[in-house]
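Chemist: Residues per chain are reported as follows:
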Amino acid sequence: MPIPEGDDGTGAGRAAGLTLSRAAEATGGRVVGDGSFVVRRISTLRNGGPGDLAFLADRRYAGDLAGCQAGALLVSEALNGLEGGPRDRVVVKDARRALVALLGILHPPATRSWIRHPSAAIHPTATLPDQAAVGAGAVIGRGAVVGRRVRIGAHCVIGEGARIGAGAVLHPQVTLYPGVRLGRRVIVHAGSRIGVDGFGYIQEKGDHIRIPQVGGCIIEDDVEIGANCTIDRGSLGNTRIGKGAKLDNLVHLGHNVEIGARAMIVAQVGIAGSTRVGEGVALGGQAGLVGHLKIGAGARIGAQAGVISDIAPGQVVSGYPARDHRRYLRAMARLMRLSRLSARVGRLERRLAAAEPQREEGVQGG
Amino acid sequence: MPIPEGDDGTGAGRAAGLTLSRAAEATGGRVVGDGSFVVRRISTLRNGGPGDLAFLADRRYAGDLAGCQAGALLVSEALNGLEGGPRDRVVVKDARRALVALLGILHPPATRSWIRHPSAAIHPTATLPDQAAVGAGAVIGRGAVVGRRVRIGAHCVIGEGARIGAGAVLHPQVTLYPGVRLGRRVIVHAGSRIGVDGFGYIQEKGDHIRIPQVGGCIIEDDVEIGANCTIDRGSLGNTRIGKGAKLDNLVHLGHNVEIGARAMIVAQVGIAGSTRVGEGVALGGQAGLVGHLKIGAGARIGAQAGVISDIAPGQVVSGYPARDHRRYLRAMARLMRLSRLSARVGRLERRLAAAEPQREEGVQGG
Amino acid sequence: MPIPEGDDGTGAGRAAGLTLSRAAEATGGRVVGDGSFVVRRISTLRNGGPGDLAFLADRRYAGDLAGCQAGALLVSEALNGLEGGPRDRVVVKDARRALVALLGILHPPATRSWIRHPSAAIHPTATLPDQAAVGAGAVIGRGAVVGRRVRIGAHCVIGEGARIGAGAVLHPQVTLYPGVRLGRRVIVHAGSRIGVDGFGYIQEKGDHIRIPQVGGCIIEDDVEIGANCTIDRGSLGNTRIGKGAKLDNLVHLGHNVEIGARAMIVAQVGIAGSTRVGEGVALGGQAGLVGHLKIGAGARIGAQAGVISDIAPGQVVSGYPARDHRRYLRAMARLMRLSRLSARVGRLERRLAAAEPQREEGVQGG
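Taken in order, these protein sequences are the chains called D, W and A.
Heads up, the first sequence is in my numbering, so the first residue is 1 and it goes up one at a time.
Heads up, the second sequence is in my numbering, so the first residue is 1 and it goes up one at a time.
Heads up, the third sequence is in my numbering, so the first residue is 1 and it goes up one at a time.
Simulated from the structure, these hints should not be mistaken for lab results.
Heads up, a few of these hints could be off.
[Unchecked claim] Computed, partial: chain A to chain W, Cβ under 7 Å:
#1 G28
#2 V32
#3 S119
#4 A154
#5 N228
#6 N249
#7 G291
#8 H292
#9 Q315
#10 L338
#11 S342
Cβ atoms here follow ideal geometry from the backbone N, Cα and C, with glycine treated the same way.
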């Protein structure tokens, strides 16, 4: 096989360097000390070295200023008066926001050519613009439509008739089942499976007969999906993930699940079929939701919570079955002290038993 | 690479259309209205359009009949008298069963040729019938045996000596470790790993020394395995999934696990080594079973249940540690009211304290 | 595509046979009976056949000796006097340790040539020794460095600049994101994703803006990682798995997690960002740890435990929120008897109510 010079779909970027002056300019901040000092990396206060720009955005880490070995410091205005730390500085309003901006500059997306690796298998009926990258071994099925500036990683399999919006990035080994639709700028991490046939059967003489799963799977703009997730297609109708929602790794969504815009779903969450999750809902790691529920907008479901009934908008729940988070934690704390309550009841019984015979004697004696 | 016209292993099917007369014929039903009306899709009452056949199989959805926009209705005989909904109809005994039949007709399996994609790497000692499809980039190892009418998706890796029964379907990127056996008509979804070396070590001077995992992994006829599952091979002896069992996505089975025929295992369940699950057992999502247990036939394990001891046949359990489902839910409800019980005990203590001194005084005074 | 005679990366080994005499020699044991008897497989007492060496290392299985069909027996000295079982024997100090040694002999690692499959896409700037195997379709990115005697399975994708230590084994379809470092003799099972971008966002006008994830991911010597795991790279700084730690299947580690040497992490565990797990910690299946925790060396976290605060060294916990294991189980047992406690309180209330009016009457009567 010919070995290409260019992009092989392994997905790396390139790091550059910048001066403190340019860093201040990019973040609306000001330089203290040597503006020509060049930094190549951003670090924490603890792990910074001579060429690094350490950052301080939270007073809790101020204690790390003393031993900091970094060459320069990115610091929030409010924390700039604290003692210790590098003298050459960029002082900004909010060091955390500035950090994100500078990371984007120091680690720009790969500026590689829009190469199609010769080992990719692209169906002649697929639509693929000049400005799209296709990694080694990727397979693009019949009638698939790929948008501009899309990057398809090595060994991705794009099913028949699937559509990928402009600017989307698929890391290696992603599967899109036939007919799946990804919006613009969607990011899918390695090994996620989108549009899988859902878990639907009817019983017939004791056997499970598969209900054909013929619905769609729609991932809206700006969604990010972690690694090794499984998103089922609709049974009838669609599974849908709303604009800007973010999924961590190993998340499972059953058929016809609907995720509202900007929801945040942490790793290993599982959501059973037809459950609708409102806008901006946050689901903690390993939480599980049974099917056919409605989770109101802005609700927060704790890590490992097991939700078996609807949740009102804005509610905060945890535990199995999930309840109000604070009530649940208090109840569990009480549970751990249950032996004491039990002992108190035992004492009451003994005291009352000691009291009653007297009284009975008194009655008898009366 | 030459671009094939035919099957590239991305897995799509084709949709057709049918008349209400043919739909009635296929389901043992009768037509009301225009038997020549053509439908192309089955929909819910809510999302149906002019070319769709909506269905009503459950009285709870009767309220959706009024606004239904679908062109025609598939309805159970018992619900046919309800008001509203499309006039052109197929009336059947059980609309849900009829639905499955019609979905199979409207969305037939792909009728594509039995092509081997030229990029597949098939070992010369592997056995592969003419009637078998091999997707782009698939790898079939030394001595593997593939049955008739098998479909191997793009980028699957079939280990040395593995055997795949007639009519099986492997979606893209599945891994069969060496020696794995799949029965007839088995379906495996994208990214599942079957026959993985199990988690077995002995301690030696504080280090963990791997116990070679040399057992087999046998998946019987008509099993379906979801996406991104992990099924370990036996340590010694076999891991086995019984005939007709169904696994959802992201399920983990440890070494030497045995799953009975027709068991249903919902997404993200984990079963530790050597546990035996009886026939027809149902496991809810995210349930976990520790190793070396026996789960009796027909038992039902609730979502997120944590099972740490044997379960009798037919038992219904939930919670951690798993208990009788209804007792568990009642106990959790009581737990949430524990503050009230605690308050009652407090009142008793105060009342008794108030009573006792009087009595003591009485005694002293007596 | 040319079909190679040699290694295609499917990963099989070869089994051989050995005499009881050689088995005794290899395990420091002694032969009883026919030392020239050849065994080809090790089995349990139950599933052994005429050519098998069954083993008995635990008195609990002594009852299986009676019906054992195996040709020969590997038995611990202390259990050799028990009745029944094969007469031709290898008697050793510890049959479990001997078992591991003999499995290594009966199932030696594949002794195949160091072949690079012609369909692999190896970047010209990658470093690859003669003694390394690269499976079909594998992709090795720009500047990657592969050590001696490394085996890279079919369809693995090795990101730009990644480094793989000598003797490491990658099963099929593994992804190393750019810059990941694997130590010597690391084993990674099929479909695991290492160095994934972590789950980090800042809020900006209600949207989630990705924080570029620019840290590293370091897997130290002798680590084993199961199938379909997801290991995030550091946000800044590194994610790190310490020497000799073992991960089962479907484990998730968030960004900047640190796992101590020789930790054992069972299937489906999830650990959120920046949590540090000490040396030799054991985590049960499906356990979950929230972020920024410290788990002390030697702690044991039960299956399904939900850990939301630091755990002291050596502590044993379970439940959600995780507590001392024995206290938790006792509390749950008490919870299941809560109805009885409630009934006792009810009886106390009635008895006291019956007692109080009398007294009040007495008072009134006084």
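Chemist: The structure should be examined with respect to each hint, and the outcome stated for every one.
Modeler: To see whether the hints hold, each was checked on the structure:
1. With a least beta-carbon distance of about 14 Å to chain W, the hint placing G28(A) at the interface is violated under the 7 Å criterion.
2. Look at V32(A): its Cβ only gets to about 22 Å from chain W, farther than 7 Å, so that hint breaks.
3. The beta carbon of S119(A) comes within 6 Å of a beta carbon in chain W, closer than 7 Å, and the hint placing it at the interface holds.
4. Because the beta carbon of A154(A) sits about 5 Å from the nearest beta carbon in chain W, less than 7 Å, this interface hint is met.
5. Interface restraint check: N228(A) against chain W, minimum CB-CB distance 5 Å, threshold 7 Å, status holds.
6. Because the smallest distance between the Cβ of N249(A) and any Cβ of chain W comes to about 4 Å, under 7 Å, the interface hint for this residue holds.
7. Look at G291(A): its Cβ only gets to about 20 Å from chain W, farther than 7 Å, so that hint breaks.
8. For H292(A), the interface hint is violated, the least distance from its beta-carbon to any beta-carbon of chain W being 24 Å, above 7 Å.
9. Because the smallest distance between the Cβ of Q315(A) and any Cβ of chain W comes to about 19 Å, over 7 Å, the interface hint for this residue is violated.
10. A hinted interface residue such as L338(A) counts as satisfied when its beta carbon comes closer than 7 Å to some beta carbon of chain W; here the least separation is about 5 Å, so the hint holds.
11. For S342(A), the interface hint holds, since its Cβ comes within 7 Å of a Cβ in chain W; the closest pair sits about 6 Å apart.
Against the hints set out earlier in the document, violations occur for numbers 1, 2, 7, 8, 9.
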